[in-house]
Amino acid sequence: MTISKRKPKKENVKAKADAPGNKYVLRLFVTGILPNSTQAIINVNKICEKYLKGRYDLEIIDIYKQPFFALQEGIVAVPVLIKKFPLPEERVIGDLSDTDKVLNGLHLV
Amino acid sequence: MRKVKTSKKPNSKFPKSLTGIQGLDDITQGGFPKNRPTLLLGNTGCGKTIMAMEFIVNGIVMFNEPGVFMAFEEDTDELVVNVESVGYNLSKHLSENKVYLEHVRVNRDEISETGNYSIEGLFVRMGRAIDKVNARRVVLDSLDTLFYGLDYHTLRSELKRLFSWLKQRKVTAIITAELGDGYLTRHGLEEYVADCVVVLDNRVTNQIATRRLRIVKYRGSVHGNNEYPFIVDEKGITVFPIISEAFQQKSSTKRISSGLADLDDMLGKNGFYEGSSVLISGTAGTGKTSLAASFAYSVVRDKSRCLFCAFEEAPNQVIRNMESIGFRLGPFIESGMLTFYYSRPSLQNLELHFIAIKKIITDLKPVVVILDPITNLMTEGPNSDIRSMLTRFVDFLKTQRITVMFTAAITVGSIERNPSDEGISSMVDTWIMVQDIEVDAERTRSLCVMKSRGMHHSNEVRRFVISGKGISLAPIVRSKKDLLSEAKRTAREHGNISTSK
Chain W
1 MTISKRKPKK ENVKAKADAP GNKYVLRLFV TGILPNSTQA IINVNKICEK
51 YLKGRYDLEI IDIYKQPFFA LQEGIVAVPV LIKKFPLPEE RVIGDLSDTD
101 KVLNGLHLV
Chain D
1 MRKVKTSKKP NSKFPKSLTG IQGLDDITQG GFPKNRPTLL LGNTGCGKTI
51 MAMEFIVNGI VMFNEPGVFM AFEEDTDELV VNVESVGYNL SKHLSENKVY
101 LEHVRVNRDE ISETGNYSIE GLFVRMGRAI DKVNARRVVL DSLDTLFYGL
151 DYHTLRSELK RLFSWLKQRK VTAIITAELG DGYLTRHGLE EYVADCVVVL
201 DNRVTNQIAT RRLRIVKYRG SVHGNNEYPF IVDEKGITVF PIISEAFQQK
251 SSTKRISSGL ADLDDMLGKN GFYEGSSVLI SGTAGTGKTS LAASFAYSVV
301 RDKSRCLFCA FEEAPNQVIR NMESIGFRLG PFIESGMLTF YYSRPSLQNL
351 ELHFIAIKKI ITDLKPVVVI LDPITNLMTE GPNSDIRSML TRFVDFLKTQ
401 RITVMFTAAI TVGSIERNPS DEGISSMVDT WIMVQDIEVD AERTRSLCVM
451 KSRGMHHSNE VRRFVISGKG ISLAPIVRSK KDLLSEAKRT AREHGNISTS
501 K
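Protein chains in written order, with my numbering: chain W, 1 to 109; chain D, 1 to 501.
By construction, these hints were calculated from the structure, which means they are not laboratory data.
Predicted model, so just to flag it, every value in this text is computed and none were measured.
Mixed in with the good hints, there may be bad ones.
[What the hints assert, rightly or not] Below, a list of computed lysine-lysine pairs in the PhoX-like style, where the Cα atoms sit at most 25 angstroms apart: (1) K160/D - K170/D; (2) K65/W - K92/D; (3) K92/D - K132/D; (4) K303/D - K365/D; (5) K132/D - K65/W; (6) K132/D - K170/D; (7) K65/W - K170/D; (8) K46/W - K101/W.
Here chain D stands alone, though its shape is the one from the complex (with noise of 0.2 angstroms):
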């Protein structure tokens, strides 16, 4: 199981109980009031019955505390079954009478009205299962069914009674229910009844839907107030909230080297800084795939780990790719300490991709990461929110030390052109810019370094070579083509002039 985060900040007294859901923690700084009611609030789809059940279990796996859960719209055996399929062991605690699951069903069909009635047989119910397995949390999977089922009126003061009946059982609830259309909401009920509202969404944008979590309401506590993008996979659910340790990180003064001596050279003689962020930009086909191979390389060939995501090329093209040019990656792969991710940008959102390959990270601990090319991503969203998100995720590397390169594909023309590069160039440390420029109507590879920064950098254009034995940069002195290019250049220069008037 994943690590918990245990530090608590000092200045809470507000008692919390840890969810143990990645990243939720961190928002909720500590989890959700102990032995309160929190209503978790969303659409159909938006996940909240895993993450009612993935508190479920956690709490049972990490923080030895039994659950109950009553389910109101699926059958127990069909819950073990949906909630197995991502992952979590039920039958296990289920033996280990770790976890007790019921069905309540709720049918109006069946049931006409005489008189005043209360639910205090569903009260009984859960007093019952609470008793069973000594449960300190306890989940109610969704109230609307209640609303379906019976009169309103009733059930609005029975549900208040219900919020103060776990507050008396002093156990930690999540109440699910439906957003929107939904009775709850539209009521106004969540105002007066619960200590702490969650809303969960899922929505559309081009084609790609993401899951979004916000804290609508915490009374008595800090939260972080933003929505907040999640993902349910295999491994159950992880939060992406913005990290802000960066700031507070001290900065790495060793340096890595880029793979490449004489791009060393320019960089101060020794390469990038530890965890820093280097981006290469340039058009089609001059070579930033080969540049970032080469880093990877030399990473690897000193037994450290890289990651390496590629979103144009599959892994086996690069890998053939960079063999003509003699970077041999093929036995790193084998021996584990290259490891490519490879995904379609298209096939989820740019922020699910960065949850992924985070989850790589964690799992991995490269050294290095490389993302091929970072423009691809780009077409999935509107800019500012890329941008918003690029800056976590390299927050998030900064404060594991990693460092992180970035290809970056830009349109023929000036970079002012193309404001995601802009975007991007403020937040890295290093870059580098690969060209093509015309001399004598032949293309010539050129590197130059943009910025670096907190090092002293090489002002110069060079000569950049890709051969069969890897890279080199062309030495300084210029050659005498370039001379007579030069010569040439001015002669057509003073020509024109000279024409035009």
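Okay, chain W solo, but in the shape it has when bound (with noise of 0.2 angstroms):
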């Protein structure tokens, strides 16, 4: 788990850079430490690891260090789950409790 300080252009850049792969490409925005953003990172590496295991690039961004992501990802409510690869772009919003919810949303199996 890697907390990005890249700026939104590369992070761009990347995402297609990944593109070609057969990787999810996934961001998780979270606020701080607050409970709602804590809980959402531990079950967030939960699911990943169990459904997705190796097949993932998981980036947690805290948008309190870095504003500029969510306006860029016009985020409203935290945390916030993008599946940005493959297409389409899909979110689920919430601390991730509910797993059936999250894969089906990002139609991750």
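Mind docking these for me? Both chains are given alone in their own frames, and the hints should help you get the complex.
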């Protein structure tokens, strides 16, 4: 788990660069260490390890530290998990405690 | 930009933030609560967005307070185009970094909920926006989109947080929301979250739509309770409150000539009081417009400005007709002394006519305003409304020390039969009646002063002559013909009595 500090431009490039591979590109946006956010981080790691082991690229971004992402991704509700690839882009909100909804919402299985 | 009232009531300790919207600051006695959120409710097409935008733009232009506009419904590009069509130069403020617009998209279809969440993302974005321009004013337009997109129960508590977040940031905020079936009002949210609640409304009566504004709640402050009409035009929003200052205003003892020496004679030899209201009533074809034009003509010849509001005839027609009786108004229009306001009464509500006229008056600063005829406006609404509106309008003119002349067409018969006329006559200072009287099977124009407050006036009925040289009143000495007809009439009356017996 890494907290990204890259500039948004690079982030886009990265997403495209990963595109040809068969990996799931996921972005989780959180706000600091608020309970929902910490819960979401725990849950997303659990889900990825269980269902997408070795097939995912997860990045966790704190919008308190990088508020520009909130605008770029049009974020209102947090935490929000966005599936960048494969297309179409999809998102789920909440602390990700309902695993079925996460999997259905992002079409992960 | 327009003038701003900076005078605050000495007893108001409650800090307020002026909106700069004409009339609204009068009703709220100084604007919206400073550093707190105000809820602006109303249905679609009431003018919520425009009012909120004017609040932001005025903040920049008048009070040097930068603003943030969070648009939930419109794209920012759309928003700029829309508000620029109403006359705000938003692009300029944007380039000067005085205002920041952000479009917040909420789409339920794209989101599924997997557990607890907050709208912290919105706070992060707002915080960033506020820091960007150092904003003192914030608008969120409108909250309903949030409700359509997200879970209601979560939002309810989140909105509470939103309001306290705004207070913490010490910004004066306007939050708009739908009224009626909207979520906010249905669940009584405004009861506990906002210090000030304003409701806008767009009502259609007799096929004429009028926008109205009402302050439902203003915690810790006195405010006007009524519904006040307002208009949106290329100069922004104008709210029309009751102006009560007229009662404290000193009444002028200066006189202004009626433009007719004979009539001045009848009015204590000096004419009307300056800043008074004059009514000329009469049946069709008795010369009301001619009298009004004669007044206007004398005013402009004295190098004073006059505003002539014509609701019946087009200006060109008035000019042509008046030329036929010796009043050449054309040159005065060219020199700018005489201005015509022409509008069809049915085009808009009476209130809106008044607001439009009020705006012209503010720009033009005329000495005399003529409304010809006021009765044409009367058809456009129930009577009590009209009376209160006319009263407000007359009050406004009195504060400006403008002499106003109304003409009123009445139906053949007694005044008592026409209640609207009675209504006006009680609030005018001078009432002149022109009538057709029948003398020897011939109609003769006559004029009399029904009342004139605060001056000696003649009680006589005089003959009123309109000729190619203008208007004159025939001498008081009765002609032989009059005497003759008098004799004939008595004879006929005697005859009637004898036949009935």
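Hint by hint, here is what the structure shows:
no.	hint	result
1	K160/D - K170/D	holds, 16 angstroms
2	K65/W - K92/D	violated, 31 angstroms
3	K92/D - K132/D	holds, 16 angstroms
4	K303/D - K365/D	holds, 13 angstroms
5	K132/D - K65/W	holds, 16 angstroms
6	K132/D - K170/D	holds, 15 angstroms
7	K65/W - K170/D	holds, 22 angstroms
8	K46/W - K101/W	holds, 14 angstroms
This entry does not satisfy hint 2, going by the numbered hints stated previously; all others are met.
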